[in-house]
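Using the sequences provided together with the hints, build the complete structure.
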Amino acid sequence: MQNELKLNFDKIISLNNFSDSQKKIKQENFNNYFEKGLPNKRNEDWKFSDINQIISKNFDNLNFIVDQNKIFEEKDFPLEFEHNKISFVDGKLYDFDFKHEAKDKILVDQNLDLDDTVYQNTLLNLNSAFLTSVSKITIKKGYNVKKPLILFNYLSDGLKSSAINSRVDINLEDDSSLCVVNFLNENSEKNFINFRQKIKIGENSILKNYSLDSNTSENIKYFNKDINLSKNSHLEYFILSEGSKFIKQDINCNLDDEYGSIALNGIINLENEKHHEIKTVINHKKENCKSYQLIKSVLNDKSKGIYQGKIFVSPEAQKTDGYQLSRALLLNESVEFNAKPELEIYADDVKCSHGSTSGNIDENSIFYLMSRGLSYSESKKLLTNGFLNEVIEKISNEDVKKLVKKLSGINV
Amino acid sequence: MLSIENLKAKIDEKEILKGLNLDIKPGEVHAIMGPNGSGKSTLSNILSGKKGYEINGKVTFDGENLLELETEERAHKGIFLAFQYPMEIPGVNTNTFLKTSINAIKKARGEKELDAIEFLKLIKEKSAELKFDEKILNRQLNVGFSGGEKKKNEILQMSILNPKLSILDETDSGLDIDALRIVSEGVNSLRNKNNSFLIITHYQRLLDYIKPDFVHVLKNGQIIKSGDFELAKELEKVGYEDFN
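Protein chains in written order, with the numbering used here: chain S, 1 to 412; chain C, 1 to 244.
Simulated from the structure, these hints should not be mistaken for laboratory data.
Heads up, some of the hints might be wrong.
Claimed, not checked - Chain C regions said to be covered by chain S (calculated; three or more residues, Cβ under 8 Å): (1) 43–55; (2) 76–87; (3) 94–108.
In this text, a Cβ means the ideal position worked out from N, Cα and C, and glycines have one as well.
Written out as structure tokens, the structure reads:
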């Protein structure tokens, strides 16, 4: 695969009109990847999800050049609420519609401002090397976006064995707010999806971000997200992880200034041989910030779920309030769940806790429900749905909450 | 309606019921009284189909071999157990659960399932009868309910499902006098010539309100004496220890 990859990279460089500095960053990132290859389980961050092995097991060859000129017809995705949208096809910006909003308050733009960084994470090297554009969304100072923004990611029909690299940056200027839903509408065959988002939340601003992986697909996905929170800003983050064959979501949040707060919740709901990981790092960098995380997992068949959550408290971050809880229901003996909670604390006046439980479904509860006329499988379904519903109920946007209930079939 | 012949039950090699006989006809209210560990809860668990017991003997319900039926099939046929310790089911709305339950039973019986409006009407009517605060039905099932609320919720379920045979497993334990009266009124309002009750209790107090037709004393896995309401009064005086 290596030679082919090099040819692909040279082709990307020759086909696009990149500036010299962009070429340089791309080349350096590519070289780092070329030297080290994909992360594997010897890397602590990838201990439970050896992406190197997963990729080589699923693909004989990966094509890194996606035809940009494919004709694409946007399929209607029925949503029962008013929304704004931006659509992406194979990772590239395709169209946007902000009919519910004031015109000059939202900017959508494309360029190739790559960070001048050679990443340690070789998946980010790949992402930087093969990107042909970065999509940027800016919410202007003081503007509260009225309707949820849906980021529809489409994969073009018939796309297969391709590596899709995409990057979207979102910038909420001070005193603004936005609710954004990430949604992948895929009917392609097996591909490798490497999506990166960089988000900045300005002072006194609020971002609600819902990342929904609900469509059953054979795709192998890696989502990497960096979120920076300014003074007195708030992030509500929710993950629905149930559709893909493999997905790892790497979420890094930085509480860069005082009084920032984060509520990060998620559910992993798996069957068959699906393998999903959520990995979070919350960096408390300044005083008086709060972070709250709740991840619940239900594993069936031969599935595998992982939650690695780290709370880092720097010496300056006094009065930190950090909380993290993982609960998993293991429905049979062939499933695997790994939880790795970590607290790394360098300040002395903090309140931090974490917990992790995993267990079977409670047979006494099953008996209770069956004694009310429900069959064994109905009782089990009601219990697991109730278990997961507790997390869904934390979604503060009612439209999105309804959507999540509909997509997941959890309505109790 | 219910006939139990020489019922024996073991759990983990320990014999709990040692040949129990009981016959309940339609419209009758039976009370079983007995000390801790006499096998009262085992009896109610076995009648409603809890797994884990090694059972011998014969139990028929409306002529059918009850022991061959699954837990939910017993519910479909009209057996209801009000739990001593109702389970808390997080994340499940009480109303959603009640609707799922009644419709599961209706479906199994080949009856038309209730739609949202019919269901709400039924809930309103029954909650009012039992002086049950409807607001509680929008909360998660039994989660954060007080002991009394949990027991009242059991009686509400019983009254909605309108079972042929209701088994009340120490429903009176932990109830204050007002809750006790409401629970008893719930039972009394369901009493008719077709519905039967098996009331399991330690104390006479609940029976003062319900007035059972028969009282049985369960001791050491067997019914050692049966009689009418007077027997309960006698027990209260003598105590289980000296009762023979």
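Hint numbers the structure violates, sorted upward? none
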